[in-house]
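Numbered according to my numbering, the sequence shown spans residues 1 to 488.
Hints in this document: simulated from the structure, not taken from any laboratory. Heads up, a few of these hints could be off.
Lysine-lysine pairs mimicking DSS-like chemistry, simulated, CA-CA at most 27 Å apart [what the hints assert, rightly or not]:
| id | residue 1 | residue 2 |
| --- | --- | --- |
| 1 | Lys160 | Lys360 |
| 2 | Lys299 | Lys203 |
| 3 | Lys203 | Lys75 |
Small disclaimer: the values here were computed from a predicted structure and weren't measured.
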Amino acid sequence: MSASTLLVVTLLLPLLGAAGIIAARSYPNVREGVTLVTASLVAMLVVIIANRFLQGEEFSLSIAEPIPGISIAFKIEPLGMLFALVAGLLWIVTSIYAIGYMRSHNEKHQTRFYAAFAVAISCTLGVAFSANLFTLFLFYELLSLSTYPLVTHTGTAAAKKAGRIYLGILLGTSIGLFLLAILITWFVSGSVTFQQGGILAGKLDPAWGGLLYALFLFGIGKAALMPVHRWLPAAMVAPTPVSALLHAVAVVKAGVFTLLKVTIYIFGSDYILGNDVTGVLIWVAAATILFASLIAMTKDNLKARLAYSTISQLSYIALGAMLASKSGLIGASMHIAMHAFAKISLFFAAGAILVVTHKKLISEMNGLGRAMPVTFGVFLIGTLSIIGLPLFGGMWSKWYLGLGAVETGQLLLLGVLMLSSLLNIAYLLPIPVRAFLSKPAGGKHYSEIREAPKSILLAMMITSVTCILLFFYPDPFYQLASMAAGGP
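Model the full assembly from the supplied sequences, consistent with the hints where possible.
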């Protein structure tokens, strides 16, 4: 299959899957079979593309040119390949999990859920493979719209309110700031095409560089930097598989991926470092890392605590992007993958707890680990990877982020990263410790409680084992991250 054909098939296959899901709506087993087959094929295709890309093959495709000089076009580069691998591989795992969760929780409108999920994956791949800012913006907006039905899935008043916040912030920031930044970039440079080393050097007065970067930084609302973060905790009213999509597979990762792509291929690290473009702005990311961690410590609701943890962890990626050194960019790129597998493990575990016990509050989970050892074992592994301890993949991305801070002489930022890891311990580790070592309140016994359905357990075990495997074999993601940062 030619490179362009393979690219087209990969982008369209989730949409065909969505159509098949809708067609099979009266037959749940067939509908879910279509989901699994489509997700499996997409995972296989992104692996094939990654292998051919790493062997030096070029993938590019131009669809149309609606504006003279600006086309809807796709081109695979290292950072986009990394993001596509994460999204493609985690869709199949999330689908396995979702089947067990949606059935066990007796969720309504399951056809709509699976179809919208497939469309969201197609939009995510469009973001990953975009060749210019115009194409990226188009699929960025489509991703917001396609995930709205997932956020409002339950149809409750709280879900509808969350949906309004979700779309209001994401569309408001993207149209009001992100689009403006794209137009300024086009006006200044005469191009919006991604290019290694950036396109602004010699064309944008450095005095204006920080302002333009700020428009991108806050216009890319999916990156969830404070104060444009409220949409993310609000969206936690959605079912757990949706939370997994938002936090690990697509939405927030599309945000930080976009910020990284703008940093590397629009500004260029030399332009940023040579003109101190992000000097003040980088402290927005540092503040978000710490404040979100402190807020997470106050949350008794498990999903709310994980939501603020995600806000903090996303700013690790933003911080690495703004450091703009090679190690910082490698760490930020690798954190897209390392955080994805760790955080999805945590959300999978939270959903398993809800399905089996209907408990949402951390204070109610004393002793549950003895009844659900696999679930809380998964939670422990995800926690240790988020903290960044050795033997877990999260260590590598944090290591390179720390090196990036040292490379640029930002020792205070290195202190922020170290303090944040201590806060990770403080708000995450007590959860499995409480579950395994504390006694149930009121002398309760959980002899009637069993583990979640097998498909849920299978998905959790895949992602948690991957967190360990990525410590010993981070090479595919490291190679792509190093290439994106300008390495060989």
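Verification of the supplied hints:
Only pairs whose Cα atoms come within 27 Å are accepted, and Lys160 paired with Lys360 is accepted, the gap being roughly 20 Å. About 47 Å separates the Cα atoms of Lys299 and Lys203, which puts this hinted pair outside 27 Å; it is violated. Taking the CA atoms of Lys203 and Lys75, the gap is near 24 Å; set against the 27 Å cutoff, the hint holds.
Comparing the model with each numbered hint stated earlier shows that hint 2 is the single one that does not hold.
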